[in-house]
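Residue numbers (numbering that gives the first Met the number 0): 0 to 340.
Bear in mind the hints are in silico, worked out from the structure with no lab data behind them.
Bear in mind the structure is a predicted one, so any value in this text is a computation, not a measurement.
Honestly, I wouldn't trust all of these hints.
Below, a list of computed lysine-lysine pairs in the BS3-like style, where the Cα atoms sit at most 30 Å apart [what the hints assert, rightly or not]:
| # | residue 1 | residue 2 |
| --- | --- | --- |
| 1 | 17 | 237 |
| 2 | 314 | 17 |
| 3 | 311 | 223 |
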Amino acid sequence: MKFPECYRECDSTTLNLKKECNFQGDFDLVSSEITVLWASALLTNGNLTHNDLLHIARSMSRSEYSKKSVIIAFINPQCFCRIYSNGKIIIMGAITEKQAYKRLAKTVRKIKYRTKWKVKVPNLPFSPRYFSQPESDNSVVTSKHRFAPTYKDASDDESQVNKNNNEERSESGEMYYSDFKKRFNFDGNGLLWRYVNNENILKVSDSLKTFKIDQLLCKIVLDKELDIDYIFSKLDAKLVNVNLFPNYLRFQFALENTSPNTEFESDFKENRTDMNFFKSSYYDLDISLELERVLETEIKSVNRSSSCLVFKSGKVIICGCVNRSEIIETFNQLIRFLFQF
Numbered sequence: 000m001k002f003p004e005c006y007r008e009c010d011s012t013t014l015n016l017k018k019e020c021n022f023q024g025d026f027d028l029v030s031s032e033i034t035v036l037w038a039s040a041l042l043t044n045g046n047l048t049h050n051d052l053l054h055i056a057r058s059m060s061r062s063e064y065s066k067k068s069v070i071i072a073f074i075n076p077q078c079f080c081r082i083y084s085n086g087k088i089i090i091m092g093a094i095t096e097k098q099a100y101k102r103l104a105k106t107v108r109k110i111k112y113r114t115k116w117k118v119k120v121p122n123l124p125f126s127p128r129y130f131s132q133p134e135s136d137n138s139v140v141t142s143k144h145r146f147a148p149t150y151k152d153a154s155d156d157e158s159q160v161n162k163n164n165n166e167e168r169s170e171s172g173e174m175y176y177s178d179f180k181k182r183f184n185f186d187g188n189g190l191l192w193r194y195v196n197n198e199n200i201l202k203v204s205d206s207l208k209t210f211k212i213d214q215l216l217c218k219i220v221l222d223k224e225l226d227i228d229y230i231f232s233k234l235d236a237k238l239v240n241v242n243l244f245p246n247y248l249r250f251q252f253a254l255e256n257t258s259p260n261t262e263f264e265s266d267f268k269e270n271r272t273d274m275n276f277f278k279s280s281y282y283d284l285d286i287s288l289e290l291e292r293v294l295e296t297e298i299k300s301v302n303r304s305s306s307c308l309v310f311k312s313g314k315v316i317i318c319g320c321v322n323r324s325e326i327i328e329t330f331n332q333l334i335r336f337l338f339q340f
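Given only the sequences and the hints, what does the whole structure look like? Please build it.
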């Protein structure tokens, strides 16, 4: 598989911050790695219905359907995938950018080409016309005809019995046909399940064009404990945005907006106004969709920022970055204020 140029060197979750950062102070790094990655892409060119999500959950292994979304667990590499009713797919786990990119491609291909979809109404096995047709010369002899008293009355009784049988079958066929239509209209019975190319699902190449990293969570372990009270007392609030909590310091640094939208994603959002998303009630959406929208707004805002949580034990958590260069930039700013004394 051909990966984007920005992900070609992302072969491991471990970051070599010793080589990339300008260390200051008497400390050393024990480890630094990406513990959680959030990535997203577009799966469909419209909404996914309740039945669509249910069929996807049934077709995927280790999946669960819950409130307008499907959660899928993968083993190798270990990660989770969540598909929302608005047609968006989220991938989360302790994986690299290349692994997330490859996992997305496999998931979209599975859903588009290897999932059974309802396609058409089959020919009815029974119909009123079928039952109203006259039967062949082979008459059906019932128990009533078998014990007819005379040969003269036998032919009359036989024709009457055959006529009654045809009427009963015609009535039963009409009842079956009516019940068939009711089941088809209400719960979808009567449609064939086939492995077909679902046009609502984007092609793998088109879906990969919308792939982006929403956030990287990096964990850094230092070789010594930190006196956060002393560090906070020496910092100037005019130079750095920092807050003191009982067990950690929270730094916030400004970042440049290095996460532009792709052309495909921009065109998709412009053409999305005529889709079923706006025809449905806004308040019927899951609250997670609203939280996701707010997260996207914050990530794509002009004044983006990253956060650093510095614990007493010497652990540092960096969040809010969308690529590894932003993690390096954030850590460089952190050590400039953290070890200047």
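Results of checking the hints against the structure:
Taking the CA atoms of residue 17 and residue 237, the gap is about 29 Å. The hint holds against a cut of 30 Å. A C-alpha spacing of about 16 Å is found between residue 314 and residue 17, which places the hinted pair at or below 30 Å, so the restraint holds. Distance check on the hinted pair: residue 311 and residue 223 sit about 9 Å apart at the alpha-carbon level, within 30 Å; holds.
Consistency note: the structure conflicts with none of the earlier hints.
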